[in-house]
Amino acid sequence: MAGALLTVQDLSVGFLTEQGLVRAVDGVSFDLEPGQTLGVVGESGSGKSVTAKALMNLLPSYAQVGGTVNFDGRDVFAMAASREKHFWGVEMTMVFQDPMTSLNPVKKIGEQIAESLRVHLGRSRRDALVEAGDLLEQVGIPEPGKRLNQYPHELSGGLRQRVVIAMALACGPRLLIADEPTTALDVTVQKHILDLLDDLRRTRNMAMILITHDLGVVKGRADEVMVMYAGHTMEEAPTTTLFDEMRHPYTEALLETIPRIDTPSHTRLVPIPGRPPEVIDVLDGCPFAPRCRYSIARCLTDQPDLTSHGVGHLCACHAPVGTPSGTEARAANESAGTTAAGLDMDQFARNVPIADLGQSGAEG
Amino acid sequence: MTYLIRRLAFMFAVLVAVTFLAFSATNVIGDPLFNVVGFYASVDCDAVIAGEIKDVIGTVAGTGVGECERVIEAREKYHLDDPLPIRYGHWIGGMIQGDFGESYANQMPVSSILAERLPKSILLMGVSMVVALGVSIPWGVAAAYRANQRFDRASTAGAFGLLSIPGFALAIILFYFFVVRWQIFPSRYMDDNIFSRLHSLVLPAASLGLPLAVVYQRLLRTDLITTLQEDFVIMAKAKGLSDRRIMFRHVLRPSMFGMITVVGLNMSALIGGTIIIESIFSIPGFGRELYVSAIRDDITVVLAGVTVTATAFVAINTAVDLLYSYLDPRVRRAG
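Keeping their order, the protein sequence lines are chains A and B.
Position in the first sequence (first residue = 1) + 229 = the working numbering.
Position in the second sequence (first residue = 1) + 2 = the working numbering.
If we strip away everything but chain B, and leave its shape as in the complex, we get:
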């Protein structure tokens, strides 16, 4: 129990650090005000309103007052006159209440952008994960069962072949054959019902999941081969259990640690992968939105993306740590 509390406290600290760094970086590099009011960010608006100087653009005193009033308004609205930690406090306070701010680009609340975009990306990542695990576990077991024999050697060669193709290249190859030539899958994301969604996600999920499956398969295979040398496996054979039962009931579970650790760490690869894959397969998901927002300096959206990503990453890795204690009772006592 104390272990759980410690883990959660640690998770909280990591999130505060990550969001603060992200917030500071996006606010220090470039002027946030510029993203809202453009050129007027660099005009001395207090002097313009007071009539002391002319608007830099206009020639008549008093022009540009309207624009300058918008600047003052924006400063107050986004707390831009406050020091950085206080602005961070405002931002994170709003975030906790579900207010992610609004997009500088189109004044839409970020929370509604998230609500629309995020589910598609989560579905994509989920299906990719299913592909990665669904392929790697049977593959790893089959390779380890007869290690260094024909199937294992062929699968090793195939694995290195797949590993050497980057995910985006695989995506383009798959897209060319399955969409352009054979037209088995749609070229854009079909959002009609769950079947059409899954149908349009087959290729993107394969592009994301297969390269990961290869890595997981290699890890699982090695750990399985190690576990198969253990005395308790000989004991299980001496009990007269079948090879299949020994593999799935005795060997698989204690061999999953390496793989599960990397599954957790690979969440960032998966999230990063959605940015590219969503662009290639025209999926209006959050990855693509993040990419577009980053290009047009839409800081609130980018920050929301960083926060969501970091939270998911830390939460999943905490879950992985907790999963260890399910997989191996010896960890429970240590905690």
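Pulled out of the complex, with its shape left as it was, chain A reads as follows:
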């Protein structure tokens, strides 16, 4: 794509362990336009954080990385190999999950923000501190002058995450990767931080990759959403399309785990039974098949490719939700009481007591 700021093609990341090669990311591709937000959604272990770390050149040296990443015409992995000094932290930056641990406890906040400015932009100590104060103001921290001389432990979690964001913004990046930026924060603070990120993205015309396990977070904030599972892209679509016409059973299952205000009270949340697979060696079928209500025989032997389901809408499924084949597959599984992968369909019945659900989850 011509106008894309970031083009990721067939990205794969493997870690060689004693049990075999763990394919944490397997053949992920996406484009990101300048100023746009991509939401990356999935459970823990889906490969979303590893994807972010691969882009940021933060993976350990023993990681096996494949594919190409292009940032505004520059080959990112080639820059990593030649130890490019002023790309990461300048053009592409990252905000992490836990603001309590991602700040250095023994350095003053001002120093930590000013450091990027001094190292990358060659600012003097004094100028860098003045700019750091401006940045703190931009991220909505009251009394920025006083905060510059404080240590991280003197600030609340929400303020600390704002400091982390100010650090990431210091050199005016064109792409900000936010990896679960609100997961470690109080619920009351989460929305403020997400709104702040959104405002900053708009005013600075900065692209953003917003990584989360919560589909609710990307709704209304991301332009596009990519749903990942076991290192694979399951579904990718413009955000409104994804919520209106989701095609992948995993996307549907993720959405059902979110409490909603518009459903009748006492509606049970439906957990996804089982847990993501250990991604060792190549899987024959679809990685989600063992947990899927729609699974058919083909899902166990034949890994589905991403196919188009409309403009910009890709989905990797043999029996997509809302299509005749999907509806048929689910009806067949329900009447049989079990799926092709042997999943007990009773688990999804709304009247199953929570205790039982917990048990089956633990067994899975």
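These aren't lab readings, by the way, just hints derived from the structure by calculation.
Note that this is a predicted model, so its numbers are computed, not measured.
Even for Gly, the Cβ is constructed at its ideal location relative to N, Cα and C.
Check the hints yourself; a few may be wrong.
[Unchecked claim] Ranges between beta-carbon positions, derived for each pair:
(1) B:M110 <-> A:E383: 54 to 60 Å
(2) B:R190 <-> A:S290: 51 to 57 Å
(3) A:L245 <-> B:A321: 45 to 51 Å
(4) A:G551 <-> B:G260: 56 to 62 Å
(5) B:G128 <-> A:G374: 41 to 47 Å
(6) B:F250 <-> A:F472: 46 to 52 Å
(7) A:F472 <-> B:R148: 44 to 50 Å
(8) A:L245 <-> B:G274: 49 to 55 Å
(9) A:D575 <-> B:R332: 49 to 55 Å
(10) B:M192 <-> A:P289: 50 to 56 Å
(11) B:R246 <-> A:S353: 19 to 25 Å
(12) B:R148 <-> A:G249: 23 to 29 Å
Chain A is fixed; fit chain B onto it per the hints.
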């Protein structure tokens, strides 16, 4: 501020306890008078002077009166008739005014012995400390930077090799090669100028400092590896900082606690080490003086040594505690 006052009060209490125990022990074990007047300490001198009995040695009444007068004199001079706490009071009172008493052995004021001997020992300990830290910090950083790789493994093996050689053995080995065979360093302490002093202290300081450096290196390496796993290190990498900058500006400082604690506690090892090392390398320092004085029961000198040592030890460990709050701002608030 209250923290500082509390620390100083604590330090004072420890010093009183240590000096009182040392004073009591040296005065109770054996008769201090014996060290001054020898055999006459056990003669009933009051009776001899009164002419009631003969001197035990002499056969004629009235002999030994001169010696016995010296005994009475010594009792008064050293307050030996007073109860122990009062004698302690006299002693500590004099000490505070810089009067450490005089050596029983040669009647020299202890303060002048200290003035002559102590600077040499302090210089030795200082150089040893510089060797220990100057070796251990770069070594620990290099080992932790590529933990469990070739350099780290080789350095671990080397560290255990060095650890298993006691300091005095290392001193003798170094002495044999560098002094006897190759004659690079002098065999005795040369006190001409600062260069000759430092030159003659290279081997003693290496013997004292290297075994400590190994311990510090192990501690620092472990703490560095732990700190390197912290999220803020990943954050620093994501900021695009170089490995060197991350190591020295972000990781080193929060990783020094374990090492600095042991540096403080190891002061006693360092002071104890000077006694042996000064003897091996013929350095006329305070460690050697202490050793000789202890052998000939020269209590005032020994007590001065204990007091100086205890004061230095407590002062340095208090300084270490205060250093924590410099290294980690989170400690400041807790205080």
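Cross-check of the supplied hints:
no.	hint	in the structure
1	B:M110 <-> A:E383: 54 to 60 Å	holds, 57 Å
2	B:R190 <-> A:S290: 51 to 57 Å	holds, 53 Å
3	A:L245 <-> B:A321: 45 to 51 Å	holds, 49 Å
4	A:G551 <-> B:G260: 56 to 62 Å	holds, 60 Å
5	B:G128 <-> A:G374: 41 to 47 Å	holds, 42 Å
6	B:F250 <-> A:F472: 46 to 52 Å	holds, 49 Å
7	A:F472 <-> B:R148: 44 to 50 Å	holds, 48 Å
8	A:L245 <-> B:G274: 49 to 55 Å	holds, 50 Å
9	A:D575 <-> B:R332: 49 to 55 Å	holds, 52 Å
10	B:M192 <-> A:P289: 50 to 56 Å	holds, 53 Å
11	B:R246 <-> A:S353: 19 to 25 Å	holds, 21 Å
12	B:R148 <-> A:G249: 23 to 29 Å	holds, 26 Å
When each numbered hint is compared with the structure, no violation occurs for any of them.
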